[in-house]
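Undergrad: Modelling step: build the complete structure from the supplied sequences, incorporating the hints.
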Amino acid sequence: MVGEPQQKHVSIEDLCTSCHPDRCCTRFLWVSTEDVERWKAEGRQDILAHIKARVVEGRQVHEVTSPGRSCYFLKDGWCSIHETKPIVCRNFLCLKALELKAINNW
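The numbers in full-length UniProt numbering rise by one with no breaks, and the one at position 14 of the sequence shown is 14.
Any given hint could turn out to be false.
Stated by the list, open to error - Lysine-lysine pairs mimicking DSS-like chemistry, simulated, CA-CA at most 27 angstroms apart:
hint	residue 1	residue 2
1	K52	K75
2	K40	K75
3	K85	K40
4	K52	K40
5	K75	K85
6	K85	K52
Unchecked claim - Taking CB as the label site, the calculated pair distances span:
hint	residue 1	residue 2	range
7	G58	W78	30 to 38 angstroms
8	W78	E57	32 to 40 angstroms
9	V55	W78	28 to 36 angstroms
10	I87	V55	16 to 24 angstroms
11	R54	I87	15 to 23 angstroms
12	E42	W78	18 to 26 angstroms
13	E57	H82	27 to 35 angstroms
FYI, nobody ran anything at the bench for these hints, they're computed from the structure.
Glycine included, each C-beta is placed from N, C-alpha and C at the ideal position.
TA: Right, here's the structure in full:
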């Protein structure tokens, strides 16, 4: 019908095509103790070398160190550790997927 807005269906799978600096954490990236333990079990020294343990308000936290403002593991617009990315990154995509599902069902 003329005058009605056209709907653009966005696939949830489209969200997993790549990571971009404007979508990822651009300041500090904190990872969970579970992430650190998983990377230790996987022998991922390449990841652990960029994790700094700190104490904040009496709790130990794990920060991804990066010389720039974007995540250290973001390389040429792609997550270089996608197969074992931190829980916070996995949850980010899930939240975006829920937003898209709501938009598509509107």
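Undergrad: Could you run down the list of hints and mark each one as holding or not?
TA: Each hint, compared with the structure:
no., hint, verdict
1, K52 x K75, "holds, 20 angstroms"
2, K40 x K75, "holds, 22 angstroms"
3, K85 x K40, "holds, 13 angstroms"
4, K52 x K40, "holds, 14 angstroms"
5, K75 x K85, "holds, 13 angstroms"
6, K85 x K52, "holds, 16 angstroms"
7, G58 x W78: 30 to 38 angstroms, "holds, 37 angstroms"
8, W78 x E57: 32 to 40 angstroms, "holds, 34 angstroms"
9, V55 x W78: 28 to 36 angstroms, "holds, 33 angstroms"
10, I87 x V55: 16 to 24 angstroms, "holds, 21 angstroms"
11, R54 x I87: 15 to 23 angstroms, "holds, 18 angstroms"
12, E42 x W78: 18 to 26 angstroms, "holds, 20 angstroms"
13, E57 x H82: 27 to 35 angstroms, "holds, 31 angstroms"
Checked against the numbered hints above, the structure breaks none of them.
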